[in-house]
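Sequence lines, in order, name chains U and S. Each residue of the first sequence is one higher than the one before, counting from 1 in this note's numbering. Each residue of the second sequence is one higher than the one before, counting from 1 in this note's numbering.
Read the hints as simulated data drawn from the structure, not as lab findings. This one's a predicted model, so the numbers in the text were calculated from it and none came from an experiment. Treat the hints with caution; some may be incorrect.
[Unchecked claim] Under the rule of at most 30 Å between Cα atoms (straight-line distance), these lysine-lysine pairs were calculated in the BS3-like manner:
no.	chain 1	residue 1	chain 2	residue 2
1	S	K136	S	K48
2	U	K213	S	K48
3	S	K48	U	K129
4	S	K10	U	K150
5	U	K10	U	K129
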Amino acid sequence: MFYRTAGQFKTSYEADHALFPVRQDAFLLGVVLVIAFVIFPLTASEFTFRALLIPVLIYSLAALGLNILTGYAGQLSLGTGAFMGVGAYACYKLITIFPEMNIVVAIALSGFFSAAIGVLFGLPSLRIKGFYLAIATLAAQFFLVWLFQKWAWLYNDNASGAIQVPNIDMFGITVAGPRATAITQYYFVLCVVCVITFFAINITRGRIGRMWKAVRDMDIAAELVGINLMRSKLMAFFVSSYVVGIAGALFVFLWRGAAEANLFDIPLSFRVLFIAIIGGLGSILGNFLGAILIVALPVIIGSVPQAFGIPLDSAMVEHLNIMIIGALIIAFLIIEPHGLARFWAMIREKFILWPFPH
Amino acid sequence: MEFLNDILIKPFADMAAAPDFLLQVLWEGLVGGVLYALIALGFVLIYKSSRIFNFAQGIMVVFAALTLVGLYEKGVPALLALPLTLAVMLVLAMTIERVVLRPLVNQPDIILFMATIGITLFLIGFGELIFGGENKVMITEQLFIPTGSIVFEPFGGFVSIEEKDLTAVIGAMVLVAALLVFLNKSKIGRAIRALGDDHQAALSVGISLSTIWVIVWFIAGVIALATGIVWGARAGVSFALEVIAFKALPVLMLGGLESVMGAIIGGLAIGILEKLFEIYWGQPLLGGNTEAWFAYMLALLVLLFRPQGLFGEKIIERV
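Model the full assembly from the supplied sequences, consistent with the hints where possible.
Below you can see the structure in the form of structure tokens.
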């Protein structure tokens, strides 16, 4: 009914390959963007920004980076957290060495550092596959976090061993640091996420994306049709780590405000992996849906007992929280292994066909 | 030059200068290696029979140890608590098979892997809810594990071996031997290996997939309990133990995901080498705590030359 595609004819290849072959998709995206850019800033409270909106965006971006690698190029990685850390520490060093530097430039540059490290740790993917590769990426995870702790130069020899975000101005407005307001940070993150998502969509549906998918589906066949496996895999590691690094820089600079090395440990990697898998591997939309679910769940679970007036102490809530998230992950995997993105695809299909069953 | 000296010569000079200390380090490494091998064995068993990369093995260790200690604290005698814990592990294996694995048959590997991470989170929350999050003391004496230490004096030096470590090494050896006999000689063991070779062929000759899975997960649970007792006796029982799952992963890389022998040899090698590296290279040169990543880097280097691990099945690709 709402999704009537009848009458939308394509008369050229360009039109058929357009970003939005169906007009309603573009309209829907427009509505979402209006909500994100206008409605939320007008209505959301400080708490909503800090606890929900900003983390959802940043986690989506990190999951997007992982999804490029795992979902599109088929290389399982468990080291996302460490690559986020590389982005964050690189950004911190850039900002403290060149205080004049614009923060957008610093964040964009810091992505290249994590991309370089990502390619380095991606080299084993040329020899090993599957779970062996996944464990190999854990080497990056443990080694880098250890380095963040031991290499004092990275955190400017702070006694606390943590990095602190200074106040950073851009065009006269404070965007990062203790003085920044939540709404400016939200807009900043939102703009970065929109730009990168736009690029990611176009990379993954273009020549490079098709190359990655071919490697993912069957690498030998891909090699036989003339795809350079090495270039393709390393490029996936490069692009993925770049996006993940930027997400890491945003994670510390625009959200947490301070970070210690163990913030980037395994739990962060798994969290991002959950988002990518529950959202749906090999989909861009899925990252956002997954991030909304994973970030919102603890907040909701925390507030339910209060709403019903059941007194629970905070340790109990914490334990229940972990338990429920574990159970939900299993439940989601059983109900729909292809993730939330597939759910949406099914709903959309139903809308298009409605009121007919087939 | 001095740098090269620090890396290449001084550590070996140190070793030669204090052979008793070297022996002590080797022994500590060996005990650690036995534990890594045990955990890796749990992984290998489940991977062989079901192609599931069971991330929950680490938390099963904690859960088994916590159940044992928790039951004892509730007033159950130690020798009764042991079979009761085994019963709990059996129930756990059956529940996992019924609730998680059966609905996920035939899904891609990564989905099953994620499911075991889900199990891990669930068990962490569940365990903390029931037993509390604080560190507990393993009931070593109640289980008749000796706690003294034996002192040797080779080369005019001093080497101390804790009796509980010795018990652990012997116990692990017995367990592994029993397991190998079970896998190679018994009917069920043959069924497990058949499932590992070819699911469909095994099903078609009448091997029940779900029964074997329950058995395999139960055996993994028994290994987890043994690991939990040994490790708990050394470091106490708490959820911090969970990190040992990560110590077992490079062992799997090194030894190969399907190889029981690989898990054992890989575990011992990594245990000893990482201890040596930490004492003679890590602490003087790199600021210590290199155990966090040394095993991974070693495994990574080995994999670059042998992609299937030292003992893994050769990966043959067909087009």
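Cross-check of the supplied hints:
no. : hint             : in the structure
1   : K136(S) / K48(S) : violated (34 Å)
2   : K213(U) / K48(S) : holds (29 Å)
3   : K48(S) / K129(U) : holds (17 Å)
4   : K10(S) / K150(U) : holds (23 Å)
5   : K10(U) / K129(U) : violated (41 Å)
Hint compliance for this structure: hints 1 and 5 are broken, all remaining hints hold.
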